[in-house]
Amino acid sequence: MKRPAVAENLKEIVKRAPSLSELGKRMNRPHALETIGGLVKRAFEKEEASKYAAHNRLQAVLLQDRSSLSAEGLGALRHDLRLVMSEYVIADRDSMEMDVRQCGEDLMLIANVRVNVVSDPAEELDEEPKRLLSPRRAAALKRELLEVVSGYLSIDAGSVQVEEERFSDSIALSVSVKIEEGEGFSEDASASHGMEPAWRPTAD
Amino acid sequence: MEGEVYVINSGKGGVGKTTATANVGSALSMRGHRVLLIDADIGLRNLDVVMGLENRIVYDIVQVIEGVCQPQQAMMRDRLTENLYVIPAAQTRDKSAVTGEQVKKLCDELKQDFDYIIIDSPAGIEQGFKNAMAAADKAIVVTTPDVAAIRDADRVIGFIEAAGLSKPELILNRVRPGMVRRGDMMTTEDILDLLSVSLLGIVPEDEKIVVSTNKGVPAVHDMNCRSGESFRRIAARVEGEDVPMMRMEVRDGIFTWFKKMVGFKGTVRANA
Ligand SMILES: Nc1ncnc2c1ncn2[C@@H]1O[C@H](COP(=O)(O)OP(=O)(O)OP(=O)(O)O)[C@@H](O)[C@H]1O
Ligand SMILES: [Mg+2]
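In order, the protein sequences belong to chains A and B.
According to our numbering, the stretch in the first sequence is residues -5 to 198, in order.
According to our numbering, the stretch in the second sequence is residues 5 to 276, in order.
Derived from the structure by calculation, the hints contain no laboratory data.
You may find that some hints are simply not true.
As the list claims (entries may be wrong) - Partial chain B-side listing against chain A, Cβ under 7 Å, derived: (1) V151; (2) G162; (3) E165; (4) D188; (5) L198.
What the hints assert, rightly or not - The list that follows gives simulated cross-link-like pairs (lysine-lysine, DSBU-like), each with its CA atoms no further than 30 Å apart: (6) B/K212 x A/K45; (7) B/K212 x A/K172; (8) A/K172 x B/K142; (9) B/K171 x A/K45; (10) A/K172 x B/K16.
To be verified - Examples of chain A residues toward chain B, derived with CB under 7 Å: (11) S44; (12) K45; (13) A48; (14) L52.
Quick reminder that beta carbons are idealized off the backbone N, C-alpha and C, glycines included.
Could you put the whole structure together from the sequences, leaning on the hints where they help?
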């Protein structure tokens, strides 16, 4: 096939290009603004990238250091926790946060998800605040959590807690469990789960 | 009344433990307290030079613990403030020369005579760090705002809590406000959130620290020094006073700006 000469090609392009007035009609203003805003924002974010990079990398590293879990182990645990919790509440896939924190002398694994709720003015008068999980469901979730987490870490079976906190537009469901002193990845877990492709850590 | 024993830790080396020990100690004694500083960095003696007392050493902490001398004989009186004493580390021995129990026994004894004992811990999480921690009632962790130092600080905080001490407080050292403003340095809030500890103070990066170390005069003695002011406030907080954090930003007022301009022109003319 014969390639058109450059000059011809250019003419084609110019001919096909919409006129400015046409462009104006096609584009709706908010969209244009959004694009510009996005560009500006991105430029700024690039500027600020190193601070965020430091924060995010540290968050991951500290989590690993505190739990003595491997990066794979952590990713897999996060994945499993998300799966279990999503059986009980409908939450945004990426909304789960997982952290290991020293609370006094205890090392705790904490995970939480936020579930958006439409606040009902009538309901605010109710004495009982709306709950995500009935006591029975919460107990079932506890049992499942115990099973999942103890596949990765030595934990104190009696310490699993499921709590809900109400915000104006959402409810946070958080689960916590105490990690036993001086324990990391339990042997069998690293052998059985660590290698399975499905358990590979996700990008978060 | 019995004094309190503080240990200053960091995990990572070179973040400012000795600088903090010298300055907070000096500031506390300037506030009228009886203060004893103990250099527990055995084999890497530093506190004596930072305090400008290197020529006064007769005995060291290992000799005290081994019973070669009385603790009082090893205490060097500060040149600048009253009621401030320093027990130097041994330079020719290593960390295994003392045990945690021995350091604790010594501090328990000396607590009676002082309001504050501050132990300058060696970096790391080895024996020397454990010895220093064994004697302490409270811990202060020093970090700089960088990834490696914060990670190590987190490890040390874990050890401190596991040892049964109360949650340590943090001194954030060498903060550069310009970089924080540009987003190239984590903010204090970011760091406190990561480490989940409370803040004892923020100290800016300051050339005057180097100058003060050169002279062996802690920066808190210079009333026009920003880092010195930070350490004076930290001392007040150690005492339990509720003082606001230092503002890190120094924005030039129009007057300073004007002076700078005039100053600048002056030099140009002088050079011409
Ligand atoms: N705020 C500051 N501004 C500028 N320089 C500082 C500041 N704080 C500390 N420094 C410098 O950093 C260096 C290390 O400080 P210092 O000796 O106090 O650290 P350290 O934690 O005791 O180290 P080590 O782990 O070796 O005992 C010194 O040269 C000191 O002058
Ligand atoms: Mg030192």
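We went through each hint and held it up to the structure:
no.	hint	verdict
1	V151	5 Å, holds
2	G162	6 Å, holds
3	E165	5 Å, holds
4	D188	5 Å, holds
5	L198	5 Å, holds
6	B/K212 x A/K45	26 Å, holds
7	B/K212 x A/K172	46 Å, violated
8	A/K172 x B/K142	25 Å, holds
9	B/K171 x A/K45	26 Å, holds
10	A/K172 x B/K16	28 Å, holds
11	S44	5 Å, holds
12	K45	5 Å, holds
13	A48	5 Å, holds
14	L52	5 Å, holds
When each numbered hint is compared with the structure, a violation occurs for hint 7 only.
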